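Please model the complete structure; the sequences and the hints are all you need to start from.
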Amino acid sequence: MAQLLVEYPQSRNTGCGNPLARGADGVLRYGNLNPALTELLDVQVHSFSGREAVVEIGGPRLTYRQLWHSASRIAGGLQEHGIGYGDRVAVRMPVGARWVQAFLGALLSGAVPVLVHDGLSDEAAARVLSDSRADFVLGGGAGAELPDGAAFIDDGASLSELALLCYTSGAVAHEDPVLPRGVELTNENLLSAVRSMVGALDLPTDGLRNLVLLPLAHASGCVDQLLPTFAVGGTVVLVPDPALVAETIVAERIDTVAATPRIFAGLLPELAGLRAEGVRQVCNAGHRTELAATDPGTSEVVAAALREVFPLARQWSVWGATETSGIGLALADQGETLPADLLGFAFGGTELALWGPHAAAGHGELLCRGPNVTPRYWNDPETTESRFTGSWFHTGNEVDIDERGLVHRAG
1 MAQLLVEYPQ SRNTGCGNPL ARGADGVLRY GNLNPALTEL LDVQVHSFSG
51 REAVVEIGGP RLTYRQLWHS ASRIAGGLQE HGIGYGDRVA VRMPVGARWV
101 QAFLGALLSG AVPVLVHDGL SDEAAARVLS DSRADFVLGG GAGAELPDGA
151 AFIDDGASLS ELALLCYTSG AVAHEDPVLP RGVELTNENL LSAVRSMVGA
201 LDLPTDGLRN LVLLPLAHAS GCVDQLLPTF AVGGTVVLVP DPALVAETIV
251 AERIDTVAAT PRIFAGLLPE LAGLRAEGVR QVCNAGHRTE LAATDPGTSE
301 VVAAALREVF PLARQWSVWG ATETSGIGLA LADQGETLPA DLLGFAFGGT
351 ELALWGPHAA AGHGELLCRG PNVTPRYWND PETTESRFTG SWFHTGNEVD
401 IDERGLVHRA G
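Going by my numbering, the sequence shown opens with residue 1, and the numbers climb by one from there.
All clues stand as given, with none of them false.
Pairwise CB distance ranges, derived in the manner of DEER restraints:
1) His394 / Val137: 28 to 36 Å
2) Pro94 / Ala251: 19 to 27 Å
3) His46 / Ala21: 23 to 31 Å
4) Gly59 / Gly266: 18 to 26 Å
5) Gly23 / Gly362: 22 to 30 Å
6) Gly58 / Pro339: 37 to 45 Å
7) Arg253 / His46: 21 to 29 Å
8) Glu385 / Ala151: 39 to 47 Å
Since the hints were derived computationally from the structure, they do not count as laboratory data.
None of these values were measured; they are calculated from a predicted model.
Glycine included, each C-beta is placed from N, C-alpha and C at the ideal position.
Rendered as structure tokens:
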């Protein structure tokens, strides 16, 4: 049977409060974006300089002014090591305030940060560093020194330029023999994802405190949580020790929590008995690579347990891939029990299509396109060609799309 590509209307997208216009390539794009991520962050630093930007439990607490100053000195130090515009700077560090400083330092130097998960084996990390052609590695534990020099900020980037090299999460599975693929994310990809998150979740500018339990070396943690929090002048709270999560939620006056169903499931014993009425939003983030391996009932059990712990919170179920800047579908849980196979509506400027012989009947492989979707894989034209039909990204997941535009796992 012939392969069909059937597009679905964009009318029910979650988070479309911002203006979108279709470009010459057919892709919806946001208007009035900052020309580069560094410019957006620089504006917010000056607007909220005295606010806490990053809190590491058991570690530093940094205001926006302190964070920006330390990051700009790291950028200056990288410059003194010969790192400049377009070079690759890998960040392989434990989660914490120093990770954030290093990441921003790489950005401000004009280099392209390469995110390397700290949990990778040395062999797997070496493969990522080699594939990315990293020119410099920011790594080590708490005692390791970071480059330091005269404060420097490179502001020459544009929307179409590469801003971040993020590797697919196959890299985290040590048993996965397939080399993780580098995903090129442009300034437009990152800024579009940030705008979608801020608009869809209606993130406040009066002091958001976001407990981020997602890996910062993944698009879901960095692009969909860290950067949107900074975009509204909020505080990112990081907890290296999972045993401290429950008391952190109370002591740090957390109002937003983000993790994967797997992480939440592991934390449920620690959260048992907690009733955190101050938490207003819970973001439960699934990933393309976990979809086939996860029992739909698991997410349903976790969501029910989280409603007990966070009784006043609006729960968001989000789904995506590194190639979609970490998010492609989203659905708000208003307290009702949702079908376990439900993934959500298209998110932000994302549009959906189905591919396959039964696409016209609402069943097939899920395809996505939008301002948040990568234009290509790094140094891999063969995979780029095989995973894209025009501007449509092939997710590899079989789904059903109903008449309302809701995406369901295929039965």
